[in-house]
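Residue numbers (the numbering used here), protein chains in the order written: chain A, 23 to 744; chain B, 23 to 744.
Treat the hints with care, since some could be wrong.
Straight-line alpha carbon distances no greater than 27 Å define the calculated DSSO-like cross-link-like pairs of lysine-lysine that follow [claimed, not checked]:
1. A:K143 - A:K93
2. A:K668 - B:K616
3. B:K194 - B:K75
4. B:K668 - A:K616
5. B:K663 - A:K616
6. B:K616 - A:K663
7. A:K696 - A:K35
Hint data in this document are derived by calculation from the structure and do not stem from the laboratory.
There are 2 protein chains.
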Amino acid sequence: MERYEQAWLNYRKSDFPEDGTYFSEIHIPEESPCIRSAAEELAAASEIMYGVKPACVCGTAGEGKGLDGKKGGICLRYDSSLAKEGYRIDSAEGIINISGADAGGILYGVFALLRELRAGKRPCGLSLRKEPANALRMLNHWDNMDGSIERGYSGKSFFFRNNEVLVDERTKQYARLAASVGINAVVINNVNVKDSATWLITDRYFDRLQEMSRIFSAWNIRLFLSVNFAAPIEVGGLSTCDPLEPAVEKFWQEQCARIYAALPEFGGFLVKADSEGRPGPFTYGRNHAEGANLLARALKPFGGTVIWRCFVYNCTQDWRDRKTDRARSAYDTYMPLDGQFDENVILQIKNGPMDFQVREPVSPLLGGLTKTRQMLEVQIAQEYTGQQIHVCYLIPMFLEVLNFHTGITLPGDREPEGSMPETGRGKPEGADSSGNTRASEEADGYGNTVNPGQADGLGAADIPVSDCVKDIIAGKALPCCAGGFAAVANTGDDANWTGHDLAAANFYGFGRLAFDTELTAEEIAKEWIRLTFGTDPETEAVLMKILMMSWPAYEHYNAPLGIGWMVNPNHHYGPNVDGYEYDRWGTYHRSDCKGLGVDRSDAGTGFAGCYHAANHALYNDPRTCPDELCLFFHHLPYVWKLKSGKTVIQHIYDTHFQGAEEAAEMERLFAGLKGKLPDAVYERCIARFHLQTESAREWRDRINTYYFRMSGIPDAQGREIF
Amino acid sequence: MERYEQAWLNYRKSDFPEDGTYFSEIHIPEESPCIRSAAEELAAASEIMYGVKPACVCGTAGEGKGLDGKKGGICLRYDSSLAKEGYRIDSAEGIINISGADAGGILYGVFALLRELRAGKRPCGLSLRKEPANALRMLNHWDNMDGSIERGYSGKSFFFRNNEVLVDERTKQYARLAASVGINAVVINNVNVKDSATWLITDRYFDRLQEMSRIFSAWNIRLFLSVNFAAPIEVGGLSTCDPLEPAVEKFWQEQCARIYAALPEFGGFLVKADSEGRPGPFTYGRNHAEGANLLARALKPFGGTVIWRCFVYNCTQDWRDRKTDRARSAYDTYMPLDGQFDENVILQIKNGPMDFQVREPVSPLLGGLTKTRQMLEVQIAQEYTGQQIHVCYLIPMFLEVLNFHTGITLPGDREPEGSMPETGRGKPEGADSSGNTRASEEADGYGNTVNPGQADGLGAADIPVSDCVKDIIAGKALPCCAGGFAAVANTGDDANWTGHDLAAANFYGFGRLAFDTELTAEEIAKEWIRLTFGTDPETEAVLMKILMMSWPAYEHYNAPLGIGWMVNPNHHYGPNVDGYEYDRWGTYHRSDCKGLGVDRSDAGTGFAGCYHAANHALYNDPRTCPDELCLFFHHLPYVWKLKSGKTVIQHIYDTHFQGAEEAAEMERLFAGLKGKLPDAVYERCIARFHLQTESAREWRDRINTYYFRMSGIPDAQGREIF
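Next up, chain A with everything else stripped away, as it sits in the complex:
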């Protein structure tokens, strides 16, 4: 077996060889690395699909120009009427035109064309126009420089080994895969930046990063780095990393100058500060706007962006303490700072207020903030959703988040910025006056939907076009610049990239969804199945069924009704009801012999009140709170009647028996594909399905047993509980 496989780019001989006539010539508008990638992808695909090796003609890519009336040929060209990275495909008179706003758009157009052709569409009459929903479509890799991957379930890092940066053929293949689904930004190192990784921003690693950045650029990807907020101390030899200290400011400015001298295409920094032991502004009594703006000022001259993670909470909580609520923490930290961040700062907000559980409410920061660029962070690494052993197709979950109505109705019943307590420090004296002022041009490459003149708040005429998360992160809902969409990546150096072959659907799906948030989960799954495994209808039907049932099944056998966290500590795999119950992480279910759940209503921790009015009301009352979140927001008796008509305890039993059965059903379904899939793929997957079935059974029995022992209430159906 080769060291890596082609995933969804494993081109096959086409059923329609006549389409190869279009591949007789490829016309490109100019020589550039990215256009070169696009043309080579077309040529390589053509050779496999049609047995045709097209000629490439440069500088002739006008409307049919250069084709001299011949039929057959593909024209790659620019079209300035398209939004950034947008593309258009049309065909006429035997010619396919792929027009892009820029080289990136052309590249995406090429991948789109191949997608269409491989799905069985005919070139004749093709007409397609797409502009990316999100300007910034990013993968966050949690790769460590020793080669390990934090929460990595697909082997070792292909970016680092033995504290060195790796650049090889796999680097290119990775960039190609990512580009094929529209990813345009990649953070290669773990947000927990320690030891050698702190030095990635120094010339110790510039040579290799330069090579990597060039490869990335050829696939329209910008390289980002996670940085250590304490770098001024650890790298700069300073005694402080106080963001208001001039020497610290100078350190970052000089460091950025050096970075951009070596890496002109560099994207910027991703920062996890004051979180889970990471250093940050709090050490110096500064707030996170002061911290983020420090880096933003240093990056600004070069067009760089600061992605600042909002993952801040007390990770040394006393389990006895029922007042502190981890769910509130990011909201309480960042809401008072809304409007204080520089224009090239984007806050990266996890989809839920906790940490990538199978079910959480949407973070109230999304749409709570109205004057700050917001980026949605999801995790395709499946840390809490089966770790790429269980199938868990996450796109349906991401779509629920994207389509969540935040309920922004400004101006009106709510003034988040005025009504919030001022817990952060005010604007410091002597700070750069640009710190809180929006420039009239774009701050970086990603704020392309900004309405720059109106950044200071919402006026009467500024009713948002939509209050959905997808429109907020895209920059459509609010006058501040766009944010973007990021996922914690699920790749490693396993030959198939993602450990479980079916986990590649999450990699594929995330990219596709970030580019086009109007796609459905089924559409994405269908695309991915066809590209990966071909167009056999039975294979497609079985895999589609498995993918679409996988997230609900996982939720069924997991912690019930939104409560989360019933996992084994540290590694987070497998059930452990009390695993975090008496621990310091702020993750409790508070079960006793009468009931379970956390009261986050107004009568409890008040977290429900972090939402805009309609959602606040919805979540605050257990009678209206959606069933799937009711234990997240309320402590309810086992005999509480859900809207489904079942009691909480019977719901627990029923869903857990159901979920385990669904896992077994998925294994049975997949087993039916033996002989239809490549043997290696089948064997890798069936082994994992078997583990999933066993694990789901363990989830079922542990959760059911725990609650039967605790409540003393038997299963109405008399099934076996231990």
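Mind docking chain B on chain A? Use the hints.
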């Protein structure tokens, strides 16, 4: 600070300088390493205690002979009327005579004399005679060759580092400490023998082991090694380690010949087989007698001993399975083999049927076996009793075990060998005919109380002198040879040897108790306190109070009523009620909303029936079962009335509030010693006392909260439960 401290051998200037006159000359019977150690110890002590450096005169140690009528002088000499390693001290006409059965006896006599003098006794009229209760008094070190120590809480190994054997001044100081309390056998490597440690029995390590063995011998200690049962494969290059395979037999015979050629004083092997992933005879369908006898035959020509651990159980149990009982496992494995072990095999049996919990019943194998040499294994490393952070003086627990009445009343109501199912294989054809026959002379150096002619069973005249564990292991209760007393050691390369200074009381106490099982816990504690910290009465009173309250306190805040195992998995420190409840280790409490405990009565797993009649009856009925073990043997409702008059639930609450308060009280008591103890000692200890108080509070709150949530029954005293 020096790299190691003197622990209880830190001699001080004596309050009675006149006693120094006895140290004017030391007369020794001959030059030998062990006699030399004894004389040098006397000389070194004298120099510090009395400022006198005595002369040493050799070959003159008759009764006063050589002293030429002078007063003052110590005579070391042999006395063949004493049992092996026994000693006698008397003084007359200004001369102190220390008589020993052998060099070891003389050495122990010397340490005894110094103990007496340092405790304030006057030489004049001293008269003391001691013979060791146990012939084999052993420490098991779980040191790995990489320098780590499994369940080590006092630093790194001083026997190994980087896969090399260490021999240096600390080796000697360790041997001296061990000898001073009567230890005469030491296993230096972990019973889990892997990697390099498998090669300790080869010439790769003989040079260093020779040096170490010589040092040990000079302190009357024999070196033992833990061996890997799979050594014939890993070292010998064979394809099997089947104990009935001639090539395997040959491997061990040749290996033993090599070992004894290099290490003539070598003691023998300690073996953990078929346990927790270790290889063993089961792989080949052989029983443990066949496995042990294989090694015994190889060691026999050299007088070596096999110590075979009885720690065998299913460590991949399904928590749903209520029939399998780990407590039964060792009993079920070894009882059918009683009488089948060679005479130089000793079975090493943990004090309880589980694994070193703070409270367990005594293993029913002790005294269940009647034709097999039995050695009691305890653990002073405090794996489950506070890990040398908590003070837990274990001597009172060991005394309870030693004085436990096993209830052997043979011949009479029970025939353990006949009534046991024959689960092991019978004697294999073609096996060495000596395999199951006792020789008429001693098999090794440790069976000194054997009654060799009567080894095949108990006749009518053989009513045991006592049915207590101490008499069984000493070889007094049964006609088979003596076993011995072993402890899993608690030392490491911390300067004070044991992490917590007070944990040294367990090291000291174990040795003293192994030599003299008639000592009380208070006597031992008093000795240790005076030797270590001097004779200040207040210091002594406070430390005595702390030591004597420490084990009960630990039991109070630990898992209640003998149920055990409510600890964090893997590292075993701190409370976690469900930590092992849904795991594979066979360690469950089966709590539900009505009650808790494991039914091990005849109606349950039947474990109670493993005991002789009286204990069987006692444990089998919850009304007679001692309170402290009632949840080990029975599943009882929270409202069950204990013999104390309290309900189970109120007992849980009361003991946990009490235990946490006792921990705090110990800290307060110890804090009062500031200024009375060396600063370094005080600081090391007080930091640990503080951690203990915090940890005990955590135990209190987690256990109480868990059972309040589970039972819904409030504390009768209305104290705070979370």
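Does the structure break any of the earlier hints, and which numbers would those be? No numbers; nothing is violated.
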